[in-house]
Each structure stands twice: as structure tokens, then as C-alpha cells.
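Let the sequences and hints guide you as you build the complete structure.
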Amino acid sequence: MKLMKTVLTASAIVAMMAGSAYAKQLIYCSEASPTHFDPGMSTGGNDFDASARTIFNRLVEFEHGGTAVEPGLAETWETSADGLELTFHLRKGVKFHTTSYFTPTRDFNADDVVFSFERQYKEDNPYHAYLGELQYDYYGAMAMPAFIKEVVKVDDYTVKFVLTQPNAPMVANLAMDFASIESKEYADALVAAGTPQNLSTAPIGTGPFQFVDYQTDATIRYQAFADYWKGKVAIDDLIFAITPDTTARTQRLLAGECDIMSYPNAQDIASLKANPDLLVLDQPGLNIGYMAYDTTKAPTDKAEVRHALNMAINKPALVEALFGTGNAVPAKNLIPPTMWSYDDAIVDDPYDPAKAKEILAANGVTEIDLWASDRVRSYNPSFARSAEIIQQDWAAVGVKANIVQMEWNQYRVDGAKAGRGGAFQIGWGGDNGDPDNFFAVLFGAAAIGTQNYAMWNNPDFEAAIKAGVIETDPVKRTAAYVKAQEVMNAEAPAFLMAHSTIYVPMNKKVLGYTMDPLAMHRFDNVDVAE
Amino acid sequence: MLQFLLRRLALIVPTLIGITICTFGFVRLIPVDPILAMAGERGVTAKRYAELVIKYGFDRPIWDQYFIYLGQLLRGDFGHSIVSHRAVVLDFVTLFPATLELSFFALIFAIVIGIPVGIIAAVRRGTWLDQGLMGTALVGYSMPIFWWGLLLIIFFSTTLGWTPVSGRIALNFFFKPVTGIMTIDSLIYGNWPAFFSALRHLILPSIVLGTIPLAVIARQTRSAMLEVMGEDYVRTARAKGLKESRVVSLHALRNALIPVVTTIGLQVGVLMGGAILTETIFSWPGVGRWMVESIFKRDYSVVQSGLLLIAVIVMVINLFVDILYGAINPRIRAN
Chain A
33 MKLMKTVLTA SAIVAMMAGS AYAKQLIYCS EASPTHFDPG MSTGGNDFDA
83 SARTIFNRLV EFEHGGTAVE PGLAETWETS ADGLELTFHL RKGVKFHTTS
133 YFTPTRDFNA DDVVFSFERQ YKEDNPYHAY LGELQYDYYG AMAMPAFIKE
183 VVKVDDYTVK FVLTQPNAPM VANLAMDFAS IESKEYADAL VAAGTPQNLS
233 TAPIGTGPFQ FVDYQTDATI RYQAFADYWK GKVAIDDLIF AITPDTTART
283 QRLLAGECDI MSYPNAQDIA SLKANPDLLV LDQPGLNIGY MAYDTTKAPT
333 DKAEVRHALN MAINKPALVE ALFGTGNAVP AKNLIPPTMW SYDDAIVDDP
383 YDPAKAKEIL AANGVTEIDL WASDRVRSYN PSFARSAEII QQDWAAVGVK
433 ANIVQMEWNQ YRVDGAKAGR GGAFQIGWGG DNGDPDNFFA VLFGAAAIGT
483 QNYAMWNNPD FEAAIKAGVI ETDPVKRTAA YVKAQEVMNA EAPAFLMAHS
533 TIYVPMNKKV LGYTMDPLAM HRFDNVDVAE
Chain B
587 MLQFLLRRLA LIVPTLIGIT ICTFGFVRLI PVDPILAMAG ERGVTAKRYA
637 ELVIKYGFDR PIWDQYFIYL GQLLRGDFGH SIVSHRAVVL DFVTLFPATL
687 ELSFFALIFA IVIGIPVGII AAVRRGTWLD QGLMGTALVG YSMPIFWWGL
737 LLIIFFSTTL GWTPVSGRIA LNFFFKPVTG IMTIDSLIYG NWPAFFSALR
787 HLILPSIVLG TIPLAVIARQ TRSAMLEVMG EDYVRTARAK GLKESRVVSL
837 HALRNALIPV VTTIGLQVGV LMGGAILTET IFSWPGVGRW MVESIFKRDY
887 SVVQSGLLLI AVIVMVINLF VDILYGAINP RIRAN
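For the protein sequence lines, the chains are A and B, in the order given.
Start counting the first sequence at 33; every next residue gets the next number (the numbering used here).
Start counting the second sequence at 587; every next residue gets the next number (the numbering used here).
Hint data in this document are derived by calculation from the structure and do not stem from the laboratory.
Virtual Cβ for every residue (Gly too), placed ideally from N, Cα, C.
One should not assume that every hint holds.
[Claimed, not checked] Non-contacting residues of chain A with respect to chain B, defined by C-beta distances greater than 10 Å in every case (computed):
| no. | residue |
| --- | --- |
| 1 | Q57 |
| 2 | H121 |
| 3 | K127 |
| 4 | K181 |
| 5 | V186 |
| 6 | D277 |
| 7 | A280 |
| 8 | L310 |
| 9 | S410 |
| 10 | A450 |
| 11 | R452 |
[Unchecked claim] Quick look at which bits of chain A chain B covers, simulated, 3 or more residues with Cβ under 8 Å:
| no. | segment |
| --- | --- |
| 12 | 162-168 |
| 13 | 282-296 |
Written out as C-alpha cells, the structure reads:
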């Protein structure tokens, strides 16, 4: 009987799909399976592509192709004079998805906003720890608990964020994927039914696409949400075809099995560009690959030694060998040139192996640990390769580098432990287009033990980044971050490697796709030529 | 036969116990605090740590811990992924049919081509045909699967366009799985285009996965045939004036197949666990790929329980092969 029912329901679905033969379909070949569909608990770009950017909206949204913030589920917002209250005026008439597993009885309102944030900071909220040991990592990583005192409903269409201190990047933070707005009505219904975990496997949002089906490790299917508050999008059926092997993904694009793909091999870029059926978009990424020196342990505790180690490396040659011609820009600052407050006046350490050898010999530096891992990142296609090249450059100045190799997850945990020593290769992709997201997150003293792999604590730098966060005047913020760059340049807590270019190859029939500096793959503004 | 069967069934219990001891010991052997391993690298608060110690019984003696683990397994609790919090059994049941379908077609390919190749090589022993076939088998056995798979994709899929690149079925077919086996499900829905699409998608992965078993089966068939064809009763059959083809197919092959069946049984175990590379190249959503990705993600719950489930399946399959062997081997059947 159950089988019969399944067959009949499914036949109906097949009939429906067959009937919509003229529906516009877009197939995106993604690089990994999503862990689940709750953006609050995710940290990977792949997860966000599959959930936050298709199914959900946020109070404010990043503009397509840029990092400026525009109205989302909030139409307007204002900050109080003392900077401690951020009030959002919510959009009316926004609908949630209606699916086979949920029918909403009301529109989006302030209750949904309050729920979406309270579940992340209130320990007694039924959704605070609803997925075993999984936590709201991004909420913590963006230091939200320290800055947000509480989120308060003023009335059905007004929400107030009460802060502990002024925080200029806060609005940009609320455009990030972890701040996606969930349906409180749906969440309550799931708790009542005893199946709260369904929030992460059968999601409901207000976004341009609604969830249809996920076949584990194979495909994710979405359908355009007809009542989307911005108007129904052009694509009717969106399919993510999960293809982890990069070569296979490229072959699928070439064979026409997918229309657009993520993260091609650097070696394939030239041939993809030459293909008459394909279009390859590119943009400098909001990212940085670097090598953090342990500033608390000899021999890298002296700035002189760090500068010497930097001078021994032929940076342009390294970048060329690692990324291929034209695929990356050698870095002299932590933030990329496309970001506001970038200081072009900074002068990088020159390539001077003779002088480097002299300084290193004078300081008795003969050996150093050099850390590398296995994961391919947008800011470094091969840690092992860059380690080998740097090892050679350092050998030429009399310093033997011992390569410490480790699996990616363990790497990031062990690399942050006190007493690590040596040079640690890592990188970063920006979250919200704000310089604080680079400087404070990666080199601020508060991040020692987590992301501050240089264990760096410099009072001048700390003062600069503090000013950057508290000031709301852009001129003053820019001055603060210029100062931060000057201090970093003088003290050299790291070897800054490169900002890589992000490529997105697609079939020429895909129209309107915009490259995203935050490396998001968004399809709400995409159309497909017939 | 009955005695053989009973003896064989009785072996299941110690085998299962051995498997559970291995998977139990796995988490305790890796160089990470097992509680942190169970919780994932996010780290846990001191309070939660204490709770987990009690839940997994790490404060108890090792035998107590083993019995707690066995108790959980017997209750059907195979744990949750520490990355997605989905039940391990749920993922396994969803993904296993894909591996089963692929392994089945790979085995059919290996048997349908491998056995005739072995027979021909044996019958034409010493000729260029024999050398050529066995040489090709050796090449097949030695080839890196990844390279072979990508080569086939680039040639047949991208350049010639004869076969799809990857996946289980064309993306415009969408139906809720019934058995999880695409070919069967499409027939259940009566969707012939979907059925043929699923078959087309099976061609390259089956060839790639089946290449090594094919080589092994071919060589094993050849040696078994050679051995049997040297036996007295075969000489007698020829002396009786029987046609050579009848001698080979009726008298020699039936007996030669006995050791080949055992080989095939072993190959099934290899296929189950070894589809990893093939599944990765062809984006085939099976348990091989699932296990490997879980290892990279340090998802110890999945690795531990996935290991157990796969081992049980391989054990069951080997049991069937042993029973089949007992049924076709007249020496055992007669008892």
C-alpha cells in the first residue's frame, strides 16, 4: 500500500516535471555535498551556496557583485546617537515558502527575526543545541556574543539590536549568511511534532528558491518561489549537481551536463577561456594567502628575523609557480587592493637574499618549522607546493625548513596552540567586505588561540583596530586601518603571499551571472537563453 | 550439505563479534582524545565533556565500554554524523543501493567478459590469442583506476559524446527513490527513457570498476580450465568421441567454475569496499565515497559505524557465496 502510494505520488511529480518541459532550468555543478541546510550552523561556502543564498534572506543583503549592503527583509534601519541601538524596520507582505511539508499561516514579521538570533545566543532556546554537538560557529567567530546584548521585538515590524558597545561593521555582519532569517512558525511546529532536526534537512525560508529535494551526495533541487517578495526569478528549476572531482566537473561543463561550475583547476583556465561555447568570468577575490610567524617563540619572535625570512623569498616567482600566470596578485598588505582603506603607499620587503642571509646568520637562525596541509583553497591551491618553494628559498640563505604536514581540520586546531613556533601557512576569504574582518579576525589579540596564527599582540595595532571598529565616520575608519597596515608592515608578523583571482566558467547561454567578491554563487539574478 | 550449512552459519557469530571489536577499538586507537573525536573539533565545554564521558562510558573499564557499545548496536543506535547530525544508518541505507547497483553491473561485466576470455585462453593455450588476452588482462589489472576512468570520460563522453560524464541518471529525471536502485526504480515507475538513461550512466563506471575483477576472473578461469582439462575424465570424454565444444562446456567448465565462484565471491567484497575511486570520478553517490569523505572530515561516528555496516554486508555476501559453492561442489553437496 505504501509502495503504491509512493509510486502514485512520484508519478505525479514526474508528470509535473514532464509537463513543465518549457521551464527554464539551470544546472550548477558544485564541488561538495552540503552538510545540512541550516545556515546558522554552517561555516563553508558550499553550505551557504546551497542554503543561505537560495532558500533564505537576511535583514540586509550584499549587493550583487559588491560588498555594499542594501535593504533585504528590513526596508530601513538607523543607529542611535550613542551607537548602542540598531533598529530595523521590517518589510511587510513577505511570504514564507509553501511546500509539501509546511504551509505558513502568516507573513514574515519581527518574531521570526528575534527567533533567528535568540536561538544562536540563548542557551534555553530549544534550537540552541538541536543538532548534537554542532554550534552556531559563525555567530561566535564574528564576536557577536560580545557585541550583542539582546535582540528585542519593538512591534510586529520593528526589531532592535541592543549592543554592548558601538560597532560599525555590525550592519555588514547582519548581511552574512549565518544571519539568515528562519520561520518561527515552522520551528515551533517542528518542536511540537518532536522533529526539530527537520529545520536543517527540510528548510523553509523567504528566499528566491524553495527546497524541493536533496538526494544525498548527488543532487539538490530547488523551484522558483512564485511569491518571492522581489518577484519570481527567471530560473524555474535550479539543480545543484554535486561533483567533487574537479576534472570530472570540468568535463561535465564541456559535455553540457551542467551550465555553470565552481572552482576550476588553474591549469584548465586557459583552455576553458579558449572554448567558443564557454564564458569564463573572473574577479580578484576578497582573499589573502599568507604565512604567519609565531611571534612569541624564537627565532621568529624578533621582527628583524621575520623581515629577513621575508626578504629571502622571491615572491613574484612563488606566486607565478603556485597559481599560474595571471591567476593571482602578489600581496603587500593583508587586505586586497579592491577593499577600501587599502594603503598603496606601503613598501613591501624587497627580495634580497644576500642581506637576508647576513641578518639570519647574525641571529643564529639555522632551522625553522614550516607548516603545510592537504586542502585546496582559493587563496592557495597547494600548501605543499608553496612550502617546497619557500623551503628552497630559505635553504639558499642557510635556513633549513622542516615541513610539518597535517590534515586540514587537525591543522587549524594544532596550528593555533600556544608554543607552536615556526611559520604557519594559511589564508582567508573575507566575510563581509569590511577591513575589520581581516585585521581583527586574523591578527587581533582577541583571536590568539583561534584565528591569530601569529600569536601577535601589538599595542599600536590593537589601538588601530579598536578605533576602526568603534568609529562610524568612514574617514576616521580609513585612517585607523591605514595605521594598522603601517604597523603590520613594520613588524612583519607574517609573510603575505597573494590575493588570488576567482574564476567561474559557464556555458554562454547563462545570462546575468555576477561574480561575487565574497565568492558566493548566487542564481537569483540569472537567466538562461533559450 | 546440511552439516556444511550449519557449520557455516555458526561461524557468523564469532565473525560479527570480531568485527565489532575492530570497530570498537578503532576510535580508541586514533591519537586524539576519543571524547573530542566523538564531539568533533569544535571543542566542548567542560560540562558537556563530563556528560559525554558518562554517555560513552569512558569512566568505566574497557569491557564495560564494549558492552555499552554492543548494547547500542543491538538497539539499532549506530550513532550520528558529528558534522551533519544525521543518523549514520539513514545515510548508509540511502547510499548503499547506489554502490550495490554499480557493483552488480561491474560484476556482470567482469563475469560476462572474463569467463569466456579465460576459456578461450585456456583452450587456445600457448597461441598468440592466449598471450594477447592474458597480456591485456595484466594491463587491466595494473592500470591506475583514476587514470583509466578519466581517460574513458575524456574520450567517450567529452570527445565522442557517446556516454554521459558522471552521475547516475540524466538530471531532468526526478523521482522519489523506492529501492534506491535507479534501474529498478525507473522500471517501477514505468519510465523507459529514465531506465535507459540509468543504463547509459552505468556503462563507463561499470567498465572502470569491473576492469580489475575482469582481469582476475579471466586469469583464474584460464588456470582452472587448464587444470581441469588435464584431468583423466576429460581425456575419457574426448576418447569417447564427444565434440570438443561439448567437452569444454559440459565437462570441463562446470568443474573449473568451482574455484572461479570462490574468486568471484572474493571480488564482490573488493567491489563493495573498493568502489571509492570509481565513485569519486563518476560522482556516484555510494558508500565508498561517503566513507572516504568522512575520514577527511574526521567524522569518526560515520567511519566507525560505516565500517561496521560495510563489513556486515561483505560477510553476508561471502556467506551466500560459500553456500553457493557448497551447492555446486558435488563433493560437498553429496555429504
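Of the hints given before, which are not true for this structure?
Numbers 1, 6, 7 - these are the hints that the structure violates, sorted from lowest upward.
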